[in-house]
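Both chains are given apart, each in its own frame, so use the hints to dock them into the complex.
Residue numbers (this note's numbering), protein chains in the order written: chain L, 2 to 116; chain A, 1312 to 1425.
Errors might be hidden in some of the hints.
Said to hold, decoys possible - BS3-like mimics (lysine-lysine), calculated; alpha carbons at most 30 Å apart, straight line:
no., chain 1, residue 1, chain 2, residue 2
1, A, K1360, L, K45
2, L, K12, A, K1369
3, L, K84, L, K12
4, L, K63, A, K1380
5, L, K45, A, K1369
To be verified - Examples of chain A residues lying across from chain L (beta carbon under 10 Å, computed):
no., residue
6, S1320
7, V1322
8, V1330
9, F1345
10, Q1349
11, Q1353
12, G1354
13, L1355
14, L1362
15, R1388
16, F1401
17, Q1411
18, V1414
19, G1418
20, P1425
Said to hold, decoys possible - Non-contacting residues of chain L with respect to chain A, defined by C-beta distances greater than 10 Å in every case (computed):
no., residue
21, K12
22, E69
23, P82
24, V115
Read the hints as simulated data drawn from the structure, not as lab findings.
Bear in mind that the values here come from a model prediction, so they are computed numbers and not experimental data.
Backbone N, C-alpha and C fix where the C-beta goes; we use that ideal spot for every residue, glycine too.
Here is what each chain is made of, one letter per residue.
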Amino acid sequence: EAGVAQSPRYKIIEKRQSVAFWCNPISGHATLYWYQQILGQGPKLLIQFQNNGVVDDSQLPKDRFSAERLKGVDSTLKIQPAKLEDSAVYLCASSLSSGVYNEQFFGPGTRLTVL
Amino acid sequence: AQSVTQLDSQVPVFEEAPVELRCNYSSSVSVYLFWYVQYPNQGLQLLLKYLSGSTLVKGINGFEAEFNKSQTSFHLRKPSVHISDTAEYFCAVSNVQGAQKLVFGQGTRLTINP
Chain L
2 EAGVAQSPRY
12 KIIEKRQSVA
22 FWCNPISGHA
32 TLYWYQQILG
42 QGPKLLIQFQ
52 NNGVVDDSQL
62 PKDRFSAERL
72 KGVDSTLKIQ
82 PAKLEDSAVY
92 LCASSLSSGV
102 YNEQFFGPGT
112 RLTVL
Chain A
1312 AQSVTQLDSQ
1322 VPVFEEAPVE
1332 LRCNYSSSVS
1342 VYLFWYVQYP
1352 NQGLQLLLKY
1362 LSGSTLVKGI
1372 NGFEAEFNKS
1382 QTSFHLRKPS
1392 VHISDTAEYF
1402 CAVSNVQGAQ
1412 KLVFGQGTRL
1422 TINP
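So that you can see chain A by itself, here it is in the shape it has in the complex (with noise of 0.2 Å):
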């Protein structure tokens, strides 16, 4: 079975400062990796997936994230936040074979301060 862990269940930032939100994960099979944004009273959106092929994962609104096989994590970063990213950040993860059933970690909140 997998496993996810995001280390910081609370990040605040400055605007326009860099942002590292960090994931590791726990499997003994192959794994696909995902980072989901929940905006406040709004589903989750997919912001990017690493599934095969780069190790540096780019997604949506300027974030990207690199997969880290030997040290199972999946760590997101985007180099200068906007107030806009105030959200909620999920990293998820699921085996490559049988059942693709996505885990999610416990999420962090990315406050954005002026």
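With the rest of the complex left out, here is chain L (with noise of 0.2 Å):
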């Protein structure tokens, strides 16, 4: 089966630019989540979807990142405006549904770097 989708696969911007990231999930996985992965250190969950809710987002910076599942399937991130800080890898995974018992797949990832 295909796997999890993601593009671009890297993006450079300056800082105060808008950038949006998009995920397409493995077919039939209700739930998706995106992870902030930053230059030496684990992926950060930011974003946790069940079908088109939100389950979890209390590590989103909502000012100013903004996600959405609108049909419960594909899914994007979106900065506006970036900061220097935000430079970091940002993964998508999806899950047949939530819980650890449901093995996440995680895309290849887009690399993003603020200048």
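Here you go:
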């Protein structure tokens, strides 16, 4: 089966610009996650969707980050305006349902560089 | 809240040598434990997980880990490594009850030298 798809793979922007990342999860997976992985650190959960509803966005900087999963399938993560500290790899993952008994499958990530 | 400490940021070993990647966690409640591997330019892949039962867990690619509750550790081992094992390895923890959110350690870069 096809894995989790993400685009673009790389993005370079200047601070204060806007950027959007796209994720298409594995077909049939109800749960979708966005993680931020800063260089030298482990991934940090930004937001978790169950179908098209938000389950957890406690670590999402809501003043500049937003995410949506309107039809319960693919998802978009947006940063507006970007700051230097947003430079990171943004990983999307999906699972059949929520809970750790359902393995999360990760996409290759989008590497964002903010200059 | 849970936290994970991976004691080594980098581990260089020679091919066919044994390796141990160390992971300690902190939590006031019962936890589940995981090891993920990240090959260059790829997403994370689950190596193994401890949810319940035997404390010795076997995973893919010949890796195994042992859950030690008294020492709050979940070290990853492989008796003989290959060049293809070169990657970043992440230990993660999740609480058993409530929102089962993965909390990752900072990662250990395993480099295999010929």
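When the structure is checked against the list of hints, which entries are broken? Sort them ascending. Result: hints 2, 4, 7, 8, 15, 20 break, sorted rising.
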